[in-house]
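Given these sequences and hints, build the entire structure.
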Amino acid sequence: MASEQLAWSGRDWRMPVWLWVGLATMFVSALHIIIDFGVGLFDLHGTL
Numbered sequence: 019m020a021s022e023q024l025a026w027s028g029r030d031w032r033m034p035v036w037l038w039v040g041l042a043t044m045f046v047s048a049l050h051i052i053i054d055f056g057v058g059l060f061d062l063h064g065t066l
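Residues 19 to 66 in our numbering are what the sequence shown spells out, letter by letter.
For the record, the hints were derived by calculation from the structure and aren't laboratory data.
All C-beta atoms in this analysis are idealised placements derived from N, C-alpha and C, irrespective of residue type, glycine included.
Among the clues, some could well be false.
What follows is a list of derived Cβ distance ranges for each label pair [claimed, not checked]:
{"hint": "1", "residue 1": "L59", "residue 2": "P34", "range": "28 to 36 Å"}
{"hint": "2", "residue 1": "M33", "residue 2": "I53", "range": "23 to 31 Å"}
{"hint": "3", "residue 1": "D61", "residue 2": "R32", "range": "38 to 46 Å"}
{"hint": "4", "residue 1": "V39", "residue 2": "D61", "range": "46 to 54 Å"}
Below, the structure written as C-alpha cells:
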C-alpha cells in the first residue's frame with residue numbers, strides 16, 4: 019500500500035519539513051562563512 023503522504027501531486031508540490039530545515043541550515047551556515055571571510059575573521063594571508 020502506498021502512503022498518501024509520499025504521493026506527489028502535480029498541482030500541489032510540497033517539500034517535507036526536514037528538507038526545508040536542511041536547506042535553511044545549509045544556507046545559514048554558508049552565509050555565516052561568507053560573512054566571516056568578509057569581516058576578516060579568517061586570515062587569508064600566510065601559510066595554510
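Now the hints, each set against the structure:
The hinted range of 28 to 36 Å is satisfied by L59 and P34, whose Cβ atoms lie roughly 34 Å apart. Separation of M33 from I53 is about 26 Å and conforms to the stated range, judged on CB atoms against 23 to 31 Å. Distance hint check: the CB atoms of D61 and R32 are about 44 Å apart, consistent with the given range 38 to 46 Å. Restraint check, V39 to D61: a C-beta distance of roughly 33 Å breaks the suggested window 46 to 54 Å.
Taken one by one, the earlier hints fail for this structure only at number 4.
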